[in-house]
Structure formats: C-alpha cells, structure tokens
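Taken in sequence, the protein lines are chains A, B and C. Last residue of the first sequence: 258 (the numbering used here), numbering continuous. Last residue of the second sequence: 653 (the numbering used here), numbering continuous. Last residue of the third sequence: 260 (the numbering used here), numbering continuous.
Mixed in with the good hints, there may be bad ones.
Cross-link-like lysine-lysine pairs, in silico, DSS-like; alpha carbons within 25 Å at most [claimed, not checked]:
1) B:K371 - B:K185
2) A:K11 - B:K490
3) A:K170 - C:K96
4) C:K96 - A:K11
5) B:K490 - A:K147
Which chain A residues stay away from chain B? Per the calculated CB distances, all over 10 Å, these [unchecked claim]:
6) L5
7) T18
8) K20
9) T21
10) M31
11) E35
12) E49
13) A53
14) C58
15) V81
16) R117
17) P138
18) D151
19) G210
20) V242
Quick caveat, the hints were computed from the structure, so don't treat them as lab data. Virtual Cβ for every residue (Gly too), placed ideally from N, Cα, C.
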Amino acid sequence: MKVFLKVWRQKNRNTPGTFKTYTSPELNENMSFLEMLDVVNEDLANNGEEPIAFDHDCREGICGTCSLVIDGKPHGPHRGVATCQTYMRSFKNGDEIVVEPFRAKAFPLIKDLVCDRKSFDRIQQVGGFITVRTGAAPDANSIPVPKENADLAMDAAQCIGCGACVAACKNASAMLFVAAKVSHLGLMPQGQPERYKRVKAMVTQMDEEGFGACTVTGSCEAVCPKEISLDFIARMNRDYAVALLKGDAKAATSGGAG
Amino acid sequence: MATLNSNIPSGPLDQKWEHHKFSTKLINPANKRKYKIIVVGAGLAGASASATLAELGYEVHNFVFHDSPRRAHSVAAQGGINAAKNYQNDGDSVHRLFYDTIKGGDFRAREANVHRLAEVSVNIIDQCAAQGVPFAREYGGLLDNRSFGGAQVSRTFYARGQTGQQLLLGAYSALNKMIGAGGVKSYTHSEMLDLVVVDGHAKGIIVRNLQTGEITRHNGDAVVLATGGYGNVYNLSTYARGANVTASWRAYKRGACFGNPCYTQIHPTCIPVSGDYQSKLTLMSESLRNDGRVWVPKRKEDCGKKPADIAEGDRDYYLERMYSAFGNLAPRDIASRAAKTVCDEGRGIGETGLGVYLDFSAAIARLGEDKVRERYGNLFSMYHEITNESAYQTPMRIYPAVHYTMGGLWVDYNLMSNVPGLFVLGEANFSDHGANRLGASALMQGLSDGYFVLPATISGYLATQNPGKRPATDNGSFKQAEENVQTLTKRMLGNKGKRTPDSFHKELGKLMWEYCGMARNQAGLEKGIKAIGALREEYWKNVSVLGEATDWNQSLERADRIGDFIELGELMCRDALMREESCGGHFREEYQYTPDDPETKQGLVNPGDVKRRDDQFAYVAGWEYAGAADKAPILNKEPLVYEEVKMSTRSYK
Amino acid sequence: MNLCQRIWNSSLGKKYVMALTGAALFAFVVGHLVGNLQVFGPPELINTYAHFLKSKPALLWSARLGLLVMVTLHIASAVTLSAMNKAARPEPYAGKAAYGSTAQSRYMLVSGLVILAFVLYHLAHFTVMLPGINGVGDFSKLTTTLEGHAVPDAYAMMVLGFQVWWVVLFYLVAQGLLFAHLGHGLASMFQSLGFRDHTWWPRIQCFATLASIAIFVGYAAIPLGIFTRVVGVDYAEQKKFELRDATLMPEKAPAAKEAK
C-alpha cells in the first residue's frame, strides 16, 4: 500500500510552519504508524531532504512520548491506544493522511511534529507528590488501602502524560491530566495530609501555564490512550472547591526559643 | 592497567552493609550543600538517587535526554518488583532472595552486592507505598503478591501490568518534589556527550541541548550515571528506541572499565519481526507459557501452511520433547535457544521464518475460551492490536528478543567505577545480576541503588574532596572535552556520505544477532569482530547526517548513538570470545553439557545446558579502553569470591 | 486574598460561578415556565398571576436584581473563560475529526449568546413592551379588569404577540438553543461542582436530557399553541380590534371566555 502524507513542517519555534505533502514508499499494513514515518524519513534522507522530526520512544504505548494528531485526532483513529500502537492497516491504500503536532499554547512547538510538554512537569513540581523522605517510610502494610480505592487510584495513575487530552480539547485544557494526578494521590490514605494544598497548587500552576478551562465536552476521555475517565475531573473539582473554601493555611507562629 | 578493587567490606555477609554504612564517612549537614552532584538519567535509579541526594542536602543537577524525567524506559517494565517481605508467610527471607538471585545469575554476580540488594528490597516497598504507588491490594487493604519468573515464593509486588510505570512515577514524584523545593535542578532534552575527568577524578560532563544544539559544560564534585542498558546495540529489542549506550560509552572512553559486556538477556516470548521496516519488538508476558504449547512443524515443507492445516502428528512440540520435566516452562535462556535451534533448522514459521507457534487450542479445549480470556485477555488483545490475528483462533507467533543487559560499567561495592567520583547505578552498571537476571529484579536493583545504596556510599568519596573546591568549567579538561564533542559533531555533519545512520544500525543489529546473539561460537565471534570493525570504518566514511548542529536534529542524535553502538558491539564480541565458558545468558556452543558428562548422567542437567568453567572464568571482566577504537581493549579481572554460597551447577531438573 | 478573588482568579473557580449561577437561572427558567403555562387556563388566571407579581414591587425588583446578577456572572465567567480557552490554542488544526464530544457541548458560547439576545428581545417584547418590535401594536395599551381594578392584560399580550410568525420563529429558535444549552449545561453543572462519579453520571445525564426536553416542550407549547390557534383565538380577535381603536374602554372588559 501507499499513502499520501500532509505533514506539518516547521523549522523551529520562531519560523512559521506549513504543510508539505509526501508520497510514502510502498508500505506494509503491519507497520506501525511510526514505522511508516521511519520509512518515509529514510526515503527523505536518501534524497537529501531533512527527515520529519517526530517524538517517540518506547513504541509500546507506555512512555507517553509519541504525540501526533492524525487526521485531526490525537493518537489516530482508534480508542485507547497511543500513536505508536496505531497500525497502517487502519488506513487504506491511497489515503491522504494529515499529520500535525499537538497544538496548545502551553505546548510550544520545537520542530515539525515535536512539541515541548514541560508545562506538565511544572504542574507536578508544585504538588504532584506525597512528601516522604527516603528512609522515613513506615512498613508498607501499616497503611491499609481499601482495594476499591487502590484500584480507582490505579485507574487514574495509569496516565502516561502524553498530553493527548490537551491536544484533543477544543480549549487545550489540561484538566484530565491534572485531575488524574490529583485523584491518584487524593485517593490514597498516604496522600491525605497534603490533599487540599496539592490540588490548589496544581490547579494554580495549570492556569498559569496557559491551558484552557474544561467545558466537559469529553473529547479528552475519547483520545486518552489509557481511557482515563472524566469522573476524575469531577473529583478534582470537588477537592478544589473544598480547598478554596478552606483558604490558605495559617502562617506558622514562631514558638519560643528552645 | 586499571585496578578493579571491589572494596567489599569485611565481616559476615549479612552484616557487611550495616558495618559499611557505619564506617563510611559522613558529610557535615552544613557542608552538604557545598557539594554538587551531577546525575545523568531519571529512570528508577537516576530519579530516586537525585531525589534522595537532594533530600540529604546536596546540590543535585539532573540531566535527561527526554522531554521529561518521566519517560525513561523503566516505565515499560510490566511484571513487578521483588522484595523479601515474606508477607505471604511462604518461607521467603532476605537470605532466600539473595540465594535465588545469586543462583539465577549463574554464580557470576558479586555476593556482597546481591545480599545488600536483598536486604534493601524490603525498604523499597515501604518507600514506594508511602509515596502513594498504587500497588495491587487484597480486600483487607494489605499488599498483594504474586509468584513470578518461576520463583517458589510469592514475593513480587505489582501494580497491574504497569509496575515499572508506577514505580517510576513514584520516583519521579520524589524528584519533582525536590525540583520544586529547589534541591534539584532539572535539565531536560539534555544529552551527556562526554565525561570530564580532572586529575583522574570525574568532575563534570559535556551536554548537548537537543532543542538548541548548544553544547555546555557542567562541573560537579561527583558524577552519577544512571543511563540504562545497551540492548539497542541489536537494533531490534524490547528497549525504547531512544535507549542508548552513549553516556556509558563516553565514560568508558575516559577510562571507566566496562564490565561483562557480553551478558545479555534474551526473552523467549516476543512478537516476531514482521519485516525489514520493524523498529521495535514487543514483549508478551512470560505467563503465557503456563497454558500455551510451543511448537513448529516437523517438516520444513509444512512451514508455509496454515497452522490449522498441519496435522497433530506433523507438529514438533520441541520444548516438551527436549525438556520433558519443564516442558513449555523451561527457563528463559533454554526456551530462547531452543527456538533458535528449530528456526536454524529451517522449521521456523511466519514470513521471515523466524518464529514459533505458541498454541492455546489445547488450553481452550481444556478450560474453555472464557477462562483463557479471563487469564490472558489483555495479552491476547495486545497481540491482536499488533498482528491483527486472534490467538483464540490461530496460534500466536513468538520469537526471542533482547530485553536486558546484565553487563555495564564496572563498579565497586560503593557503586563507584574505577574512575574516582564516577558512580554508576541501575542497569547501566554490571553489578547485581551476574550472567542472568531474574524476573522482577531489575526494578528492585534500580531503586535499591538510587534510594538506599548510593546516598549512603557517596559521602565516603565526597569526604575525600574539599567542599566547594570542585574544578571550574574553564579548566583545561572541560575545554578539551567540549572540543572533543564539537569535533565529533562537525565531523558527522560534515561527512558527505551516502548512508543514513539507521541503515548502519540495522546492519549492526543483524551482525550482533548473528554472531553475538543467543548462541555464540569462536568462529562466529571472530567473524563478527572483523565485520563490525569494517562497519565502523565504513561508518565514518559513509554516514550522512542531515540538518544543522544548532537545531533540533534527530539524525545527529542517532548518528552519535549509533557510532557508539558500533564500537560497543565490537567490545561485546571480544568479551564473548574471551569468555570461553557458558553461563546464564552467555551461551558458547563449545561449552555445553553433553550426554557423556557426569552431571548429565546424574540427571542434574540436560544435554545442551550451559556449562560454566568456574576454575577459569569465575571473574568479572572489566574492559579498559586502549585509547583508540581500533586498538584492542585491555582486559582487567575482578575475581569473584564466594564466602557464603557454594558455586554449584544450576540445575533445572 | 479573599474568597471572591480566589474564586474569580482561578479557572475552576469561574466554573463554579458558572455552574451555580446556571443552577439559579435554571430554577428561574422552571418557575417562569410554570407561571406562563397558565396561559392555557382562562385569561384571569395568568392575569392574576401577573398582577400578583406587579403588586409586590420589593419582591419583584429584588428577584429581577438577583437575576441580573446571576446572568451577569454567568456571562462574565463564560466570556472570560472563553477568551482563556481561545488563547490556549492559538493555532487550529487542519485535520477535522469529530470524536467524543457533542455539538451542543462545543457550541455552548454560541447558544448562550443567542439566548442572551433572545432574552433582551423578550424583555423588550413583554416586559418593557417596546412598541414597534412586536409586529402588533402598543401592548401597554392592553388592559383588563381584575376585582374592579384596571390591570395590564398579560393574556392578551401573549395571544396577540404570538400570532406574528417571525416572533414565533424567533422564540422557537431560542427555545431550541436553550434546549441544547441546558442539555449540556445541566449535566456539566454537576461535573463542575464535583457531584459525579461512575454511578451517578448516567443518572445526571438522564436528568439533564429529560429536564431540557421538558423545558423545551413546555416553552415551545406557548407560542405554538397560540400560533396554531389552539389558545385564545377569540380573545385575540377581540383584543386586536380593541388595540386598533384609538380609545380603549376599560369598562367594556370582555366576559371571561374559555380559550377553546
């Protein structure tokens, strides 16, 4: 089979980009989408044209690096898989496939199909953790976690941080991502002490990064490779409401000099 | 010649770590912040080490080539993590985990390291649970365990099929906490391209910013490499595409010894290669062999037929035939080699002839499709996703694939290489798995090194360095190292060659798989060394790297890494050639048990099993760079002394 | 920062504002519908109701003020969030695929703004009784007698007003958009306020669908009922005649007539 690719090419952040059209060499329908791009790139390189830059790493759907919008849908036509798990048999001989980068203000473009998702890291740096010093942990079985909670937390914790939710949302909102993080930790007993502080800090950072707000369209859930549920957004909304009402923590008063 | 002093503390095995921690010098809290530690990599080992060192008060700078510290390939580990908690009351103990690991490594690991690993394993689980890692639970809310990799006890903790991901996210959250608190400075899209050695000590690194192409110098009081394994030397492997040896290799070229490079683990149940375009092999869980039967046609002529058209009598259930006691559950290395043998006989199946069937029809007949779906449904659907075939209707096609490297940079008991100040953690070092790694032990080692071992041992080295006196980046060694990197980059971009870096990678992979794969022999290895040497020369003549040095340039990234892989491939072949024995994942065809051997007659082993030669090869091979890629490297040996356990024949019967 | 600032400065806070004001406006929409469905009764029924509302100016004006605040906050949060959302995706996609989301969820701002335009018209139409926009005449001249007092004839205003085809069309369009707006908004309200989990979400969606259908059917029945001459046709004929007369004679109030 052969396909025609309409690919976004952009030299770097400061140069405007444009679509370029390529005809693929003969393909095998068992190729993954990324392998198809590899083959196209080898072809380009052999003809002296710079290969198409695209992000990828594990190629088994878990690292969250691959990030393409294929025919207008992040991670391609199927549900519950990442771009790297999309195979060419999902397309027909002669199809024109539009390939674009994830687009969001908070994911600035680096080159061609590669964008910068550090905003996700920054959101987690302000609170996406449970403060526990190495070595200070009590015996693991001293903190029982109800199985339902552990399972639900795992549903949220599966998030691979790819950013497809942002790419899919018409508002480029990161709510599903942040909600997954907040819910995972908020569901565990270990996460309770910092629960409200965490959600407040992470939501504030999310807003500062320039993501949009949630309008509950549900397109994030539809493209999530791990099919993370919108339920978690409601959970975060609830926690954040409590956090807002609670206000900021009282400043510590200095005790007497020891 | 380098000196490989293992620095194993004296005293009884089970007290060595305790004593060593006590006798290691500490750093005064006020002085800790004056020490700057460079950590390269943020997988399990790198992230946990960075976070913990920062908690202790050191100034930590963490470098990853990924866009985020959360992407390291630790994320892909599925099965679980071992710990000697004995929560199941099934007779597990630190000593049993220690013994299993030593034996599993075919008596080629360092006793004291492995014992420490087993001791620390229990703390890892505590630490991870406290971080909120959503481990599988029983209904009472306590932690669940499963038996894994043929272990006789249930000591594996897991989080669905995504244990590696969850543990990595735990370590990443600890790292994030310290980045947020200012204790760690995180550099992403930053690839280490050289190690800076000042007066014999590792004092910095040279880094390329992958976004801008900018080359920068970074100094530190110590350098920690946690850069993972090098299985991508085979091109096709279960590794992430980006996994590479460059950081380790550049350190090797600066004097760090490379330990046991030929020890690679090949996993028997992966989805076979479907064509020349393939970039990646996907692992199918080993658990499938509990109910699946492995076979190939008896006759070559039948290979092209549909499996359903091959009569029962024309099928060769070769594992059941060759290993009647273990049958389809034969250990990984044996199952892998047997698959290779039948395919070499021309009886492999699939388009490429490199595949065997894993057949569930007997299990479906016995248990019903629903039961099989319940046990393996997710794996079957993953298989379907990739191959577009239903394993309920037709047998799965599987073939072995490279998925872990036990070898790595040589380190002593403190995880410090022979270059003072250079520490190596996780899969990047050679230390704890000997010649073969047990399932669910990789995660354990990565976290043990990062959370508990390095933070305790690094102070011993730092105490010998004056606080705040690290060399500045305008030091001559930094300048020389940066020029080295710049020259290399210019050389690659300026090369007016005709071949893409990837085409070399494919060729290298084929050579490695052919000559240094599942079964090795002298003639093949000698041929391999020659062929890879020639490939290296062609590489520098004929590689073509497009794009610019001042931009995001994936061709340049790859060219850098593939150049190193080619050199590493040659070293692996040399190591395999030198090691005239078989052990664990290293199988030399010349050294296998024959029906006439006394062990075979006693029923301890099968003919064809790996035959160790403890009298001559009970040592770690630490290869030292000889100053040029075409010069034969120097072999240093660290003898393996077993105080506690007796080296014995690893029997699977 | 005080609570109000904290709420307004965060995207989630604004969503709470939107949800809570939305809930209040929904309550009004329900009440307003119940009040106006009285048009299907005898003219005195709705006229009494209208007179009752007018006779309690304090109550009426505080309700109006309250509504104004709700509407203002609802719109202000919608517009500011919308601006933030637009800014979050500076470059649109070329590939177009619809997945996962409903059209009504994607066009909330549009439906909301049309509804706002309608509300303004509706106020001018029946509350301010701006002549010249209703296609009939000066509604303020329509009066009737209740318990001996001359009062505005709300019934007449409605039955006359909805005989104009383009007015009816505009009302129906707006009510259709209200249906779409509520269908998404009612469910999202629960989501924004965090009242949702996997058990309750289907129930919430069911409620939102049923409620929005009920609202649509209820509201659409009024202009349609009148336009199709099911309601008040005789009364309208008579009032039309009166309205055309230069002098209205309040003492010649019509006898109560059944609508049919």
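Note to self: Of all the hints numbered above, which does this structure not satisfy? Sort the numbers upward.
What the structure shows: Violated hints: 1, 5, 10, 11, 12, 13, 14, 15, 16, 17 and 18; rest satisfied.
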